[in-house]
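So you can see what is in the structure, the chains are spelled out below.
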Amino acid sequence: MSIPLCTANDEEEREESAPSTKEPENRSVLDTEISRRDFVKAAGVLSAGVASGAPKLNAAQQAKAAAETAPQMVTLTLKINGAPHALTVDTRTTLLDALREYLGMTGSKKGCDHGQCGACTVLVDGRRVNSCLTLAAVAQGAEITTIEGLAHGDQLHPVQEAFLEHDGFQCGYCTPGQICSAVAVLEEHKRGDLSTVSWQTGETSAPELTDNEIRERMSGNLCRCAAYPNIVAAVRAASMGERS
Amino acid sequence: MNPFQYQRASAPEEAIHAVAATRGAKFLGGGTNLVDLMKYDVEHPSALVDINHLSFNQVTTTSDGGAMIGAGVRNSDLANHEIVRRSYPLLSQALLSGASPQLRNMATTGGNLLQRTRCYYFNDTSYAECNKRSPGSGCAAVKGFHRIHAILGATDACIATNPSDMNVALAALDATIHVQGPKGKRAIAIHDFHLLPGNTPHIETTLRPDELITAVELPPSKFAGHSYYLKVRDRQSYSFALVSVAAALELDGSTIRSGALALGGVAHKPWRSPEAEHILAGAPATEATFRRAAEAALTSAVPRQHNAFKVELAKISIVRALTTAAKGVQA
Chain A
1 MSIPLCTAND EEEREESAPS TKEPENRSVL DTEISRRDFV KAAGVLSAGV
51 ASGAPKLNAA QQAKAAAETA PQMVTLTLKI NGAPHALTVD TRTTLLDALR
101 EYLGMTGSKK GCDHGQCGAC TVLVDGRRVN SCLTLAAVAQ GAEITTIEGL
151 AHGDQLHPVQ EAFLEHDGFQ CGYCTPGQIC SAVAVLEEHK RGDLSTVSWQ
201 TGETSAPELT DNEIRERMSG NLCRCAAYPN IVAAVRAASM GERS
Chain G
245 MNPFQYQRAS APEEAIHAVA ATRGAKFLGG GTNLVDLMKY DVEHPSALVD
295 INHLSFNQVT TTSDGGAMIG AGVRNSDLAN HEIVRRSYPL LSQALLSGAS
345 PQLRNMATTG GNLLQRTRCY YFNDTSYAEC NKRSPGSGCA AVKGFHRIHA
395 ILGATDACIA TNPSDMNVAL AALDATIHVQ GPKGKRAIAI HDFHLLPGNT
445 PHIETTLRPD ELITAVELPP SKFAGHSYYL KVRDRQSYSF ALVSVAAALE
495 LDGSTIRSGA LALGGVAHKP WRSPEAEHIL AGAPATEATF RRAAEAALTS
545 AVPRQHNAFK VELAKISIVR ALTTAAKGVQ A
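Quick note, the sequences are listed as chains A and G, same order. Heads up, the first sequence is in my numbering, so the first residue is 1 and it goes up one at a time. Heads up, the second sequence is in my numbering, so the first residue is 245 and it goes up one at a time.
For reference, chain A alone in the conformation it holds in the complex:
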């Protein structure tokens, strides 16, 4: 149930701009009258057919197979940025997909969808988590805070201000995750949490939020534009602002 990042419009553009440099004598199956999109659709139908209908099954096997492939639905109330949202979703739905696809909150981003990039970072009961590995059903009952919930009206969160001030991004795709993560870094630091850097430096009682500490504590958020120096500067500034 992975949902592709590209939209229908992206698809259209790529289709139109695809080069047509094929030699007539080297025609492959893809060079027929069928467009790429039709081919993809047909292949999808074909593979779905293989999955469900091709093997000969008896009635009991068919019933079992149907039960195993039938979506299981669950009705939930998710409390997001202080407001309850009721929704009925397939149990497979992650918190990230619930936010983006069902509730229209597209601030949280889908990067890797496997907990490796941090673009989907949100706060659940004040703790930063990867919403792509959190099932929506598991998040029921928790206080969920997304990037959309950090500002108070037009008043940005100090970490948002710091990212603007220090240009802590380039393309901006990882930024909501970076900011949610940074908000949590400041909280974790305030209550004296350690990192592996704290153990290496021996600063294990109220470690100072040095640049090395910030880098380690923000390491769950990747930035493909490599805006890291400015991200570190933004987090540092936000932590200084908190102290003053």
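Mixed in with the good hints, there may be bad ones.
Taking CB as the label site, the calculated pair distances span [as the list claims (entries may be wrong)]:
no., chain 1, residue 1, chain 2, residue 2, range
1, G, 452, A, 171, 47 to 57 Å
2, G, 304, A, 228, 38 to 48 Å
3, G, 369, A, 187, 55 to 65 Å
4, A, 58, G, 426, 25 to 35 Å
Rough simulated footprint, nothing fancy, chain G against chain A, three-plus residues with beta-carbon under 8 Å [unchecked claim]:
no., region
5, 85-95
6, 105-119
7, 132-138
8, 183-197
9, 229-242
Since the hints were made in silico from the structure, they are not lab data. Backbone N, C-alpha and C fix where the C-beta goes; we use that ideal spot for every residue, glycine too.
Given chain A, work out where chain G should sit, using these hints.
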């Protein structure tokens, strides 16, 4: 991902009964590994029983001065717990060297024990050969690219490694795993919990499918003053170990009364080395002793084409970890 039923359990008995009653059901803790593997179609549970609301979230001191860690305690909370920081810094260091802050906020103690291998071929179902995924299908890693794979205790059936940092520290600290099943409770020593691959690499632990990990117990700490977790990896942070070392020493002046040494990233289970510990016991805490211990720990190593570097890497890592442990840590 296949469809699955979801059920939230409010008591351990309810969770155990639900998993025992439903073929293919699994417990769901933090989900950082299970949900990921479901997305890759490596895991196909018919039902998930959510155990996040059981009250297994405490760390307490036991009557003998050890520690009892609830199976639901999150990795970040465990690493920062006062008892762990003070008495088991090795465990705090190991936990904080694993994964990312977000994942550590989600991952549980029980789930980390059951974390599955990061072997590329296990995680990629486009490879038909994987004795762990499909018993009897062969091992794509033996013939493939196996730079991250095992050098100790492996077989031609499987050369995957256990990816956990926490497990390596728990092995050095002689942890006991408390479990509960339909037939009652039992305790499993960490050394008997994870299995070497043999010819059945799909069987990774001695935990039965309907048994729930409820707690991890640590004996009273002997090593709080002199221990160190060293993790060597391709990237400074947020990366699995090529080799890791949990080194712990009990010193009497400059003489080692006893030592505990466990390695990560080198075997199908956290690799405790009694051979190295035998050399450490009673010996002076010197580099020469540590070198002999390192040689002893790797005597039975069987490197393969792409991972031969791990043998030397493990030896120098052991010497460095023991040297750092001997200097002492402050919590």
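Checklist entry - Okay, which hints does this one fail, numbers in order? => result 3 and 9
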